[in-house]
Amino acid sequence: MTDKELVEGCIREDKIVQRELWNRFSGKLLSLCVRYCKNTEEAEDALMEAFVKIYNNMNRFRYQSSLETWMRRICVNVSINKIRARKNIWQELSESEYELGYKDHSFDNLQLEDLFSLINKLPDGYRMVFNMFAVEGFSHKEIAKELGIDEGTSRSQLAKARKALQNQLNNMKGGES
Amino acid sequence: MNWNDLENKFLGLNEHSLAPSPSTTFEEVMNRRKKKKRRVIAYWSFTGVALIGVFGLISNSYFNAVNSSTFPEEKNVLNQKQTKKETKEIKTEVGTIYSNQNSSTTLDFKSSEESNSGLSLSTTDEFSDKSIVSNTPILGNTNNSTRTKLPQKTTAVSSEAQSITQNIPNGNIEVMSYESSKYISRVESVQEYLNGESTRASSSSNSNSTGKSNFDKLNINLTGSLLKPIKLNWDPQLGRIDWIDGPWDLDPRTPYIDKRPMYLEFSAITGSRSQVDFDMKQTTSILGTQYMAQYQLLLLRETWDEFLWGLGVQYTEWIGNGQWRNVERFNVQVTDTSYRIVKIPGQPDHKIQIIDTFLKEESNTTTGKIGYKMDNIAIPISFRKITSGFRTPIRIGVQISPGFTTYTRGEYFSATEFQAIGKTRRPTLNAKLTAGPQIQVTGDFCLTIEPSLMYHSFVEVQSKFNGRWFSGLGVSMQWRIK
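Quick note, the sequences are listed as chains E and W, same order.
One point on numbering: in the numbering used here, the residue at position 66 of the first sequence is 66, and numbering is uninterrupted.
One point on numbering: in the numbering used here, the residue at position 452 of the second sequence is 452, and numbering is uninterrupted.
Derived from the structure by calculation, the hints contain no laboratory data.
Computed from a predicted structure; not experimentally measured.
Positions of the beta carbon are idealized from the N, C-alpha and C atoms, including for glycine.
Some hints could be false.
What the hints assert, rightly or not - Beyond 10 Å from chain W on every Cβ pair, some chain E residues (computed):
1. Glu-5
2. Gly-9
3. Gln-18
4. Lys-38
5. Thr-40
6. Tyr-55
7. Trp-70
8. Ile-74
As the list claims (entries may be wrong) - Sample of chain E residues facing chain W (criterion: CB under 8 Å; computed from the structure):
9. Val-7
10. Ile-11
11. Asp-14
12. Ser-26
13. Lys-28
14. Leu-30
15. Ser-31
16. Val-34
17. Met-48
18. Phe-51
19. Val-52
20. Phe-61
21. Arg-62
22. Pro-123
23. Ala-134
My request is simple: use the sequences and hints to build the entire structure.
The structure is reproduced here in C-alpha cells:
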C-alpha cells in the first residue's frame, strides 16, 4: 500500500487502512517517542496522542514530504508538548562536567540499548535539541522555530548535550576499566 | 574522533523500531479519538453558549442604559418634584400631668428619632383596612378622625401598642390625625403614629423651584447583578495554545525583527457603577447607575516574551441616570397648652394651665431625576502580556487612552453632587486594567474574556477633574495578520 493509498484511506475513515498505518509506523514512531520522553509509558501515551492527531489531520497532508516524515514531525511535536508540561526543561551543566575531556575509546562498541540509555540520561532540553538535530536532522533554525527559542539557544543546548554525552561516555569507560 | 562521529552513531536510531506494549493498540487510539471528538464538541458548544451569553449581556445592559436615558428637552415636559415634609419633635419642657377622667393629655411615649430616620419614600406597598385601632381596646376609644389604614405587617407593633397603652390611665387620648397616610411602607412609620407624632407626607407637582434637574422620565435601572463575572469552565487542554511558556532564559534574548508577529484586535467592553441608596448624612445625595460601553480597534505588535504593545482607536459612551434628593432641616418651636382640673376635698376645684414647649425639627425633602450622556473618541496606548495560570493562557492588559468628548448632555453626578456638563469639547483620559483567559480558536484567531477595571475621566470647563472607576466585562477578538 502506497503513501497515497494510506492517506486517502485514512481520509475516508477506512478502518483497514487506518490499522495498516498503525501497524506500519507505530514501532518506528514509538522508538522516536522513547528518545524524547522520560519513560516508556510517557512515550506510548505520546504515540497514541500523535496517532489521534495524524488520523484527525490526514486531510492536511500536502505530499510535500514523505508520509513518514510528516508523521515523525507530528510525533516530535507531541513529545515536545509532553516534555513542556514538566518544569525546568533547560538545565546547565556544572563547570566540573565541562572540564572533562573527550575520549573516543570503545565508542564503536556501544550497543543500541546503550545509545538509548545515553540519550535518556540527558536533561530534557538537551535531549530534545540533540534528538532533533543529530537524529531527526533538523537545522538549528527549524529547532528554534519548533521550540520557540533562538537559534543561539538551540546551538548552546546542542553543545551542552554533546558535553553531557561525552561525560557519560567517560563515566561508562571508567566503569568498564 | 569528532562530534560528527558521535552523532552519526545516533543516526541509526532513526530506523530503529520498538514493539508497543499490549495496552498500546490501534483500538485504544480509536477510543481516544472518539473521546476527543466528544470533548471538542462539548467544549465548543459550551464556549458558543458562553460567548453568546456574554455578548447578550453586553448588548442588553448597554441598550437598557441607552433606552432609559430620555431627555426632557426633547419632550418639553416640566420638571417633576416630589416634596416630603418630615418633622422631629424634641420635648424641651414638660408640665405636670394629673390623672383625671376629664382631662385631656398630650401623650409623648418616647423619642422618635430612630423612627423618623427610617421613613421611606416608597409608595408601592398595598395595605389592608385593618387598623391598629381595632386591635387595641384603649385606642378604640379614640376619636374617629384617627382611623387610618395601616399595613397588615404591623401586628408586632400592634401588640407593642397594646402593652404601652395598657400602662396609660384611661382618659381621652388625643392623637393627631395622620394626614394623607394611605401608604406607609415601614413599621417605623407606624411607631411614629403610635407615638402621637405628626408626620406629614405630601406631594406637589409642577413646582420648578430648584432648577437642578430637567429630566422628566428616567428609570433607575440598578442592574449591577447583570454584570457579574461569568465562569467559563472550558477544558484548558482543549484551549491550550501551542506557544512556548517555558523559562527560556538561558541566554540573553535578542528580539528578531522578522519574528515579531502583528495582531489586529477588536474589543467591546461594558462597565457599570451603582449607587443604590441615598446618603442619609448628606444634605444632597444621589442614587443611580452609571454605565460605560467601549469599543476599540487596536494594532498590536509582539516584542519579546509574549509582550505586546499597540495603538488604535477607541469610542466610548458614558451614560448615567438616577435620582437626587435634597433635605433641608430646620427647627420650629411649638407651644402646647392644656388645662387640668384639680379637685381637693373641701376646697373648690382649681384649674391649672400646663404649657409645654417643644422644639420640632422639620425637614423638607426635595427629589428629582438626573442623567447624562457623554461620548468620546480616544487613542488607546495598550500593553499586553500573555502568561499562564491554572494551565490556561491568561492575558493581562493595561492601557491608557487620551481623547476628547464628541457629545455631552445632561448633568454629571457623583454620590453627593452634580453639575451640568459643558457643551464644548472636553479632554478625556480613560484607563483600563484587564486580566482574562485567552481561547485559541484557530491558529491565527483567538478570543479573550476580559473582566476589567476601567477608569474614565474628563476635565470640566472650570478645569475641574471628574473621574470614576467602573467594573466591567468584555470580549476581545484578536487576529494575527503577520
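- Against chain W, with CB atoms and a cut of 8 Å, does the hint on Met-48 (chain E) hold up? holds (5 Å)
- Query: Does Thr-40 (chain E) sit more than 10 Å from chain W, CB to CB?
  - Reply: violated (7 Å)
- Message: Under 8 Å is the threshold here; is the Cβ of Ser-31 (chain E) close enough to any Cβ of chain W for the hint to stand?
- Response: This interface hint holds because 5 Å falls under the 8 Å limit.
- Closer than 8 Å between Cβ atoms is the bar; does Ser-26 (chain E) clear it against chain W? Give me holds or violated. holds (6 Å)
- Message: Quick check on the hint: Phe-51 (chain E) CB to chain W CB, less than 8 Å?
- Response: Status holds, d = 5 Å.
- Item | Beyond 10 Å from every chain W Cβ - status for Tyr-55 (chain E) | violated (6 Å)
- Item | Non-interface claim for Gly-9 (chain E), where every Cβ of chain W lies beyond 10 Å | holds (14 Å)
- Message: Min Cβ distance, Asp-14 (chain E) to chain W: is it shorter than 8 Å?
- Response: Violated: closest Cβ of chain W sits about 13 Å from Asp-14 (chain E), beyond 8 Å.
- Agreement of hint Val-52 (chain E) with chain W interface, Cβ distance less than 8 Å: Result: holds, 5 Å to nearest chain W Cβ.
- Query: Any Cβ of chain W at or closer than 10 Å to Ile-74 (chain E), or is the non-interface label fine?
  - Reply: holds (12 Å)
- Satisfaction of the Val-34 (chain E) interface hint, Cβ to chain W closer than 8 Å: holds (6 Å)
- When the least beta-carbon distance from Phe-61 (chain E) to chain W is tested against 8 Å, hint result: Where the cut-off is 8 Å and the nearest Cβ of chain W is about 17 Å from Phe-61 (chain E), the hint is violated.
The structure fails hints 3, 5, 6, 9, 10, 11, 20, 21, 22 (numbered hints given earlier, in ascending order).
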